[in-house]
Every structure is written in structure tokens, then in C-alpha cells.
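Asks: Residues per chain are reported as follows:
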Amino acid sequence: MTWIFENWDRFWEVTGVHLRLSVVPVLIGFVLSIPLGWLASRSATARAILFPLANILFTIPSIALIVITPVLIGVKILDEINVIVPLTIYTIALMVRSVADALSAVPGHVTAAANAMGFRPLRRFLTVDFPLALPVTIAGLRVATVSNISMVSVGALVGLGGYGQLFTEGYQTDNTAKVFAGLIGTVVLAVLADGLLLLLGRVLTPWARAGR
Amino acid sequence: MGGWLFDPAHWSGPTGIPVRLLEHLGYTLMTLLIAAVIAIPLGAFVGHTGKGGFVVVGLSNALRALPTTAVLILVVLWAGLGDFPVYVALVLLAIPPIMAGTYAGIRAVDPVTVDAARGVGMRESGVLLKVEIPNALPLIYGGFRGAALQVVATATIAAYTGAGGLGRLVFDGLALQEFGQMLAGAVLVALLAVLVDLGFAGLQRLTVSPGLRPVGTGGKT
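These protein sequence lines map, in sequence, to chains F and C. Position 1 (the first sequence) corresponds to 3 in my numbering; numbering is contiguous. Position 24 (the second sequence) corresponds to 210 in my numbering; numbering is contiguous.
Calculated directly from the structure, the hints in this document are not laboratory data. Even for Gly, the Cβ is constructed at its ideal location relative to N, Cα and C. One thing to keep in mind: the hints can contain errors.
[What the hints assert, rightly or not] Output of the computed footprint for chain C on chain F, the stretches with three or more beta carbons under 8 angstroms from beta carbons of chain C: (1) 19-33; (2) 125-134; (3) 182-191.
[Stated by the list, open to error] Computed from the model, here is a short list of chain C residues facing chain F with C-beta under 7 angstroms: (4) Pro-253; (5) Phe-270; (6) Ala-294; (7) Thr-342; (8) Leu-360; (9) Leu-362.
[As the list claims (entries may be wrong)] Restraint-style ranges between C-beta atoms, simulated for each label pair: (10) C:Leu-389 <-> F:Asn-57: 15 to 23 angstroms; (11) C:Pro-194 <-> F:Pro-109: 55 to 63 angstroms; (12) F:Leu-59 <-> C:Gly-244: 13 to 21 angstroms; (13) F:Thr-207 <-> C:Leu-219: 38 to 46 angstroms; (14) C:Pro-297 <-> F:Thr-207: 47 to 55 angstroms; (15) F:Lys-78 <-> C:Leu-219: 23 to 31 angstroms.
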């Protein structure tokens with residue numbers, strides 16, 4: 003713990019990088035998984051393609067995806083995009099299923115009522131289907147966020163930033179306190195992000211607690 | 187791009203692909219065995235007694251946030267290089283899904299069934315071993331197979347501290363700037379993950395009572 007206070011500036015700097023590298027992929031992945039999940043909830047063909055594909059993408063180890071990405075998209079190995087692209091892929095792989103399951107679970111009589119009231123498809127999706135799917139979607143988002151925060155560290159094994167840098171530097175200089183500082187930072191960040199999303203879910207879906 | 191992978195020179199010798207595959211498989215199976223021995227009794231006990239459920243859920247989530255790289259490095263710094271740090275890091279990774287699956291599986295057993303077992307005079311140990319666990323097996327396997335996928339993928343990191351396994355291809359390839367070798371490592375790990383999952387799917391079919399298979403889906407979970 004003392005390492006954190008003695009090296010406050012450095013700790014803040016890696017915290018900022020770590021946060022950026024884990025939050026950006028979650029946001030991009032989340033936005034992209036909504037149309038994909040919608041597609042999977044509507045068409046059995048889309049499901050038969052997307053779900054197995056998501057499973058296979060998930061088995062590729064993050065370190066492997068991080069070292070392969072720069073060659074595939076033609077950037078330098080030390081570019082932050084090499085962490086952002088793989089983590090976005092993992093987020094989508096995880097979220098497509100959550101979004102699809104959540105949308106499929108919206109009761110048929112609710113969508114029928116919305117249709118009968120004259121809601122057009124886009125408005126019905128935005129104001130009826132999607133809000134009702136939020137609890138399950140946010141549950142998936144929490145898993146994706148926590149696992150992303152934990153996985154960003156892997157990027158440091160090839161020299162990228164974030165708490166993982168404290169791991170590799172601590173390893174090379176035999177400095178246990180430095181590794182420990184990074185570990186604490188990761189866990190605290192994950193717990194905070196998880197709690198924030200839990201809170202956000204409660205605020206956004208007040209009806210879920212009504213009548214209890 | 188597949189040149190490195192299909193070069194016969196890379197398929198023999200003490201650092202050949204078969205040796206790395208076996209090392210990787212060894213880490214995976216040993217880790218899963220240790221994790222199962224720890225996590226299944228814990229999950230089963232908490233699921234059976236209903237006490238401390240929040241501890242299991244909380245502990246699972248906290249362990250999930252633990253970065254495996256940091257655990258590996260810390261144990262190497264404390265205990266020195268070797269396979270021991272690899273097992274500590276991977277077992278900690280594998281425990282949460284197995285424990286959560288076991289706990290959820292036992293809790294999900296129909297209380298009527300459990301009551302009936304008590305009603306016909308079974309002891310508590312019999313209720314747990316002969317009724318609850320067999321009925322919970324599909325969810326236990328679910329957690330176990332999730333853990334297996336994570337362990338296969340993450341065992342790659344072991345090579346960072348000089349251990350074996352397919353991660354050697356990734357890290358050696360990185361050091362030598364040999365893209366073909368890195369790619370070969372990545373492809374082989376993904377392939378091994380699929381094979382290990384198929385293996386456990388087969389084991390699941392053999393050990394789970396046919397009565398528990400979902401109706402009309404041919405037993406696919």
C-alpha cells in the first residue's frame with residue numbers, strides 16, 4: 003500500500019490509462035452488440051452464426067489476440083488500439099448473448115400492446131423492448147466490464163500501459179510492493195465499476211423494484 | 187501465414203509443438219482437478235445448508251476481478267520460478283466458476299425432490315451425494331466447462347515467467363518478431379480449448395442421468 007502513496011503521480015497516471023483502455027472497449031462493444039443482439043433475438047439464422055462465432059472468439063487467449071492484432075490491422079505493437087480491438091471483440095462476444103436473451107425475454111403481450119397502440123418498430127424498440135431488456139443487459143455489461151478491467155493488464159506483457167506495467171516492472175526489478183499496488187488498483191477499479199453499473203441499473207429500471 | 191505451424195521441424199524435439207501441447211494440457215487438467223477438489227465440496231456444502239450463500243457469491247466475484255498476471259508474478263517473486271506459481275494463479279482463476287456452478291446447481295434442485303429423499307429416510311449425506319449432486323450435475327458441468335475454457339486460454343500467460351505450454355510459441359515468437367510462431371500458438375490454444383470442451387461435453391453425456399437432459403434438444407446444453 004505504501005508504494006501507492008509514495009508514487010502517487012505514477013499511480014494516477016497508470017490508473018487513467020487503465021481506465022481508458024478498459025472503458026472504451028466496453029462502450030464500443032456495448033453499442034455494437036445492441037443491433038447484433040437484436041438480430042440474434044429475431045432470426046434463428048443470425049443466432050446460428052453469431053452464438054458459435056462468439057464462443058470461438060472467446061477461446062482465443064487475450065495475449066494472442068493482442069499480439070496478432072497489430073499485424074492484422076497494420077499498426078505498431080505499442081499502439082493502444084492493440085488492446086482496444088481485442089477487448090471490444092470480447093465485449094461483443096459476451097454481450098451479444100446477453101442482449102439477445104434479454105430481448106427474447108420481453109413478454110409477447112407487452113410488445114403486442116405496444117404494437118396495438120401504434121408504436122412504430124424503432125420507437126417500440128427504444129421505449130419498450132430495450133428498457134425492459136435493461137436488467138439482463140446490465141448484468142452482462144457488469145461481467146464484461148469486470149473481465150475487461152482484469153484483462154487490460156495482459157497488454158503490459160507486450161509493453162502497453164495500465165496497471166499491468168506495474169506487474170512487469172515489479173517482476174523485472176523484484177519489487178513485490180509495486181506488483182501488489184497494481185493488483186489492488188485493478189481489484190478496486192473492478193469493484194467500483196461493478197457497483198456503479200449496479201446503481202445505474204437500479205436508477206434506470208425503477209419498475210423492477212416496484213411492488214416489493 | 188501457416189508456414190511456421192506446418193513446418194515439420196517444429197513438430198519434433200523437446201521444444202516441439204507436441205511437447206508444448208502436452209504441457210499445456212497438463213497444466214489445464216491438473217489445475218481443473220485441484221480447483222474441483224476445492225470448489226465442488228465448498229459449493230455443495232453452502233448450497234446444501236443454505237448458509238453463507240452471499241459469501242460464495244461475493245468471493246466468486248472478488249476472485250474474478252483478480253488479474254491472473256499479477257498473481258503469477260507475485261507467487262514467482264515469493265516462491266521462485268517453476269510450475270507452482272502457474273498452478274496457484276490458474277487454480278484461483280478456476281475456482282469461482284466451478285464454485286458458483288455447484289452452488290447454483292444444488293440450490294436449483296427441486297425442494298420437493300429433496301423433501302422426498304428425506305421422507306424415505308435418507309441421511310443428510312445421502313441426500314447430498316445421491317440426490318442433490320446428481321441432479322445438480324448439468325449446472326456443475328456448466329461451471330466446470332466455463333472454467334476449463336478460461337484455464338486453457340490463460341495458461342498461455344505461464345510462459346511469461348518461463349514456464350512451458352503453448353504460450354512459449356506466443357512469447358518466443360514475440361521476442362523473435364516471428365509472426366508465424368505467435369499465430370501458431372494462438373490457433374493451437376483456441377483449437378485445444380475446443381477439443382477440451384468437446385471432451386468434457388462427452389464426459390457430461392456419459393455421467394449425467396438421461397432423465398436430466400433437456401427434452402427435445404438431443405441433450406445439447
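Asks: State for each hint whether it applies.
Replies: Evaluated hints:
Counting residues of the region 19-33 of chain F whose beta-carbon sits less than 8 angstroms from any beta-carbon of chain C gives 0, not enough to reach three: the coverage restraint is violated. For the region 125-134 of chain F, the stated coverage by chain C is violated: 0 residues have a C-beta nearer than 8 angstroms to a C-beta of that chain, whereas at least 3 were required. Here the region 182-191 of chain F counts 5 residues with a CB under 8 angstroms from a CB of chain C, which clears the bar of 3, and the coverage holds. The interface hint given for C:Pro-253 is met, as the beta carbon of that residue sits about 4 angstroms from the closest beta carbon of chain F, less than 7 angstroms.
For C:Phe-270, the interface hint is violated, the least distance from its beta-carbon to any beta-carbon of chain F being 16 angstroms, above 7 angstroms. Violation of the interface hint for C:Ala-294 is found here, the shortest Cβ-Cβ separation to chain F being roughly 18 angstroms, above the 7 angstroms cut-off. With its C-beta approaching chain F no nearer than about 4 angstroms, C:Thr-342 sits inside the 7 angstroms limit, and its interface hint holds. A least Cβ separation of about 6 angstroms between C:Leu-360 and chain F falls short of the 7 angstroms threshold, and the interface hint therefore holds.
Taking 7 angstroms as the C-beta contact cut-off toward chain F, the hint placing C:Leu-362 at the interface is violated, the least distance being around 12 angstroms. Taking 15 to 23 angstroms as the suggested C-beta distance range, the pair C:Leu-389 and F:Asn-57 conforms, at roughly 19 angstroms. Under the hint 55 to 63 angstroms, the C-beta atoms of C:Pro-194 and F:Pro-109, about 60 angstroms apart, fit the expected range. For F:Leu-59 paired with C:Gly-244, a C-beta distance near 30 angstroms fails the hint of 13 to 21 angstroms.
Distance hint check: the CB atoms of F:Thr-207 and C:Leu-219 are about 42 angstroms apart, consistent with the given range 38 to 46 angstroms. Remark: the range hint 47 to 55 angstroms for C:Pro-297 to F:Thr-207 is contradicted by a beta-carbon distance near 29 angstroms. For F:Lys-78 paired with C:Leu-219, a C-beta distance near 42 angstroms fails the hint of 23 to 31 angstroms.
The structure shown violates the earlier hints numbered 1, 2, 5, 6, 9, 12, 14, 15.
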